[in-house]
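Trainee: Here is what each chain is made of, one letter per residue.
Number of protein chains: 2
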Amino acid sequence: MDVAVPFDAVDPKTRLEGLFEDAERRALAETVLEDVVAAIRASGREPTVYATAAVDLDAEVVVDERGLDPLVASLTDEPPIAIVMADLALATPEAFDRLFDTEGDVVAAPGLGGGTNALVVRNPAFEPDFHGTSISDHRQAVRDAGLDWTAVDSMRLAVDVDEPTDLVEVLLHGEGRTPDWLRDHGVSLAIDGGRARVVREE
Amino acid sequence: MDVAVPFDAVDPKTRLEGLFEDAERRALAETVLEDVVAAIRASGREPTVYATAAVDLDAEVVVDERGLDPLVASLTDEPPIAIVMADLALATPEAFDRLFDTEGDVVAAPGLGGGTNALVVRNPAFEPDFHGTSISDHRQAVRDAGLDWTAVDSMRLAVDVDEPTDLVEVLLHGEGRTPDWLRDHGVSLAIDGGRARVVREE
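Chains S and A are the protein sequences, given in the same order.
Residue 1 is where the first sequence starts when you use our numbering, and the numbers rise one by one after that.
Residue 1 is where the second sequence starts when you use our numbering, and the numbers rise one by one after that.
If you are wondering where the hints come from, they were derived from the structure by calculation, not from laboratory data.
A virtual CB, placed ideally from N, CA and C, is assigned to each residue, including glycine.
One thing to keep in mind: the hints can contain errors.
What the hints assert, rightly or not - Covered stretches of chain A (in silico footprint by chain S; criterion: 3 or more residues with CB under 8 Å from a CB of chain S, positions within the stretch not fixed):
#	stretch
1	22-32
2	108-119
3	129-139
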């Protein structure tokens, strides 16, 4: 089964603008992508990265400057295929094994806040669309098509790097390069009752 | 193995004060507790609720008005025991099966933001303390004691009902009574780019 990783190489991680400059956000996004590629590879698959601009990465990279939407739409023409978001900084080989090895027409890893962080598609009747609360839309589309829907219950696949609170999870649980990148850039945990949050030294 | 569910019956869910009145927060907390008890029971175990005040619940309830800290500290005196937070509104019998069936001296379900949402303790040398970023503290304490540490990778056990964003997950993925309670109280999803959030009709 092919594993596709769509990657916004132009303006990634816009919801982290309060913490990082543009170049830093691109560097962070590439670091997370490296972790995702490494975890997929350690699970025994060779990923293909579909990027909107050139990326310096030790992996097969297909550049398509039309943007991610037409790219993602074309991926499921020849199932089976796995589509994995490029920002799953907590993903481990074990989590990917569970995802890839779960049987079913469409297998999904829900993301926090209604997103879909990864899909395995084994039937061409289903076409993903990662906008909005895509996990509900995907579930409904799969059922409407008479296919079976399976969700993989994984925190490591549920957390993507979108919001500052996600960086808390990366610092606490990340096993790749991303937690080191964050610490090298002055990001640390702050504990003041309730959930931890991140702060950045200037 | 006994399953203990500590429950703050006096002033629960204070971080939802912006959305709910005091009596509503207590009603919500009890609804979530009912879901947790039902999911544990469906996984084949009979939970005991340790509460700080009387609770009207179809389960064994032990009331200890000293508060949750001394109560939790005493629970691990006779392992094995599982300690499950009372606010895991997404927990399913399958998620609890994975937790309870994972072998090891100490098995943990990390919560978002550094919490520990559930523990299985099989060695009396370890004593939990759920304050602060308890997942890091627990991991360190287990290793310091020469015991083995295992984390269960589950989104359904990682989400507890603490912050308004958690209610998004409950509306999207909850399978018990809590999503209905929320909808009955005017809580719904709002989608405006990025992650979904909750709004409440007045």
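Trainee: So, against the hints stated earlier in the document, which numbers end up violated here?
Mentor: 1
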